[in-house]
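Engineer: Once you have looked at the hints, place chain G on chain B.
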Amino acid sequence: MAEDDDAERMRALERRLSEARKAPAPGKDMMRGLSQGEAAWRMVIELATGMAVGLGIGYGLDALFGTRPLLMVVFALLGFAAGVRVMLGTARQLAEAAKRAEEEAD
Amino acid sequence: MAAEGGGLQIHPMDQFIVKPLFGEGPVHWYTPTNVTLWLVLAVVAIGLLMVVGTRRRAIVPSRSQSVAELMYGFIHNMVEEVAGHDGVKYFPYVMTLFLFILFANLLGLIPMSFTTTSHVAVTATLALAVFLGVTVLGLARKGVGFLAMFWVSSAPLALRPILAVIELISYFVRPVSHSIRLAGNLMAGHAVLKVFAGFASVALVSPVAIGAMTAIYALELLVSVIQAYVFTILTCVYLKDAVGDAHH
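From first to last, the protein sequence lines stand for chains B and G.
Position one of the first sequence corresponds to residue 1 (the working numbering), numbered consecutively onward.
Position one of the second sequence corresponds to residue 1 (the working numbering), numbered consecutively onward.
Isolated chain B, as found in the complex (with noise of 0.2 angstroms):
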């Protein structure tokens, strides 16, 4: 009967399946490890490069009106407010992220 045993052989496998997924993958800390790096890395260029380009705007603002240095600070603060809001928003991202990976694996 080689259909009976094909179908025994499809549980069997099914069998090692499940139980090769609820192995935890090797490697798995130093991966989580390293995102979380990534991250922290990600949000301090993010905040770093809001600040320059406000000071940016700010800058060529100013040499179009003349009113260095102004426009520079105004728009250095609006730029560093950006930063922020910027890596608030990765930080949420992240976060939901992290649910969803939690809610899969419930």
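No lab work stands behind these hints: they were computed from the structure.
Quick look at which bits of chain B chain G covers, simulated, 3 or more residues with Cβ under 8 angstroms: (1) 37-44; (2) 48-55; (3) 71-81.
The structure presented is a predicted model; accordingly, all values stated were derived computationally and were not measured.
Even for Gly, the Cβ is constructed at its ideal location relative to N, Cα and C.
Structural biologist: Just chain G, lined up with the frame of chain B:
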């Protein structure tokens, strides 16, 4: 950079110098340089994998076809998950970006090669293409509605203009951080490799230096793949703003 103990020669940044391929002389915009060579090699390598590797289109795939199919499926899933169903239309562009960055990163790891993605000029071009593409796409698909992204309707009216400026600046932060992250990661890693390689010429510390180089090389391999992945997934996130539903 001569240090005690017989003149250490450490020039970590020399590997990033752009040189003309043929002869000497100034580099013009049309001069074929080592950057050109390695950019072309990246495209050739992608062609080898995706075109030659899959040309038999076997139902039971060969090894190279499996790799190509795996990447295709991986990126396709990512676009659908992150950018939504409407974003799948732009999958070819995202796939191109991913393969190009991945291969440029990996080819840069070959000793004596040139890492094209360690130059901001290369990554900024890629990031600007994404930035302009997403902006034009958003304006074309949603019209003025796309600008509503900058007008925070949940805030008090008096605050909205200021918030709009902040939102606008954070929109412009994207291409900058998008490109600097990739180039910075690659450049830092390769510079560190060179520094350790320089120390390997001192007999006393050379075992440590070579061990550290091996470890960092492994890390760089990981960073190459992760950075390509991060660049691609952020492209999808930006794409979602342009094509996604407007209910948030």
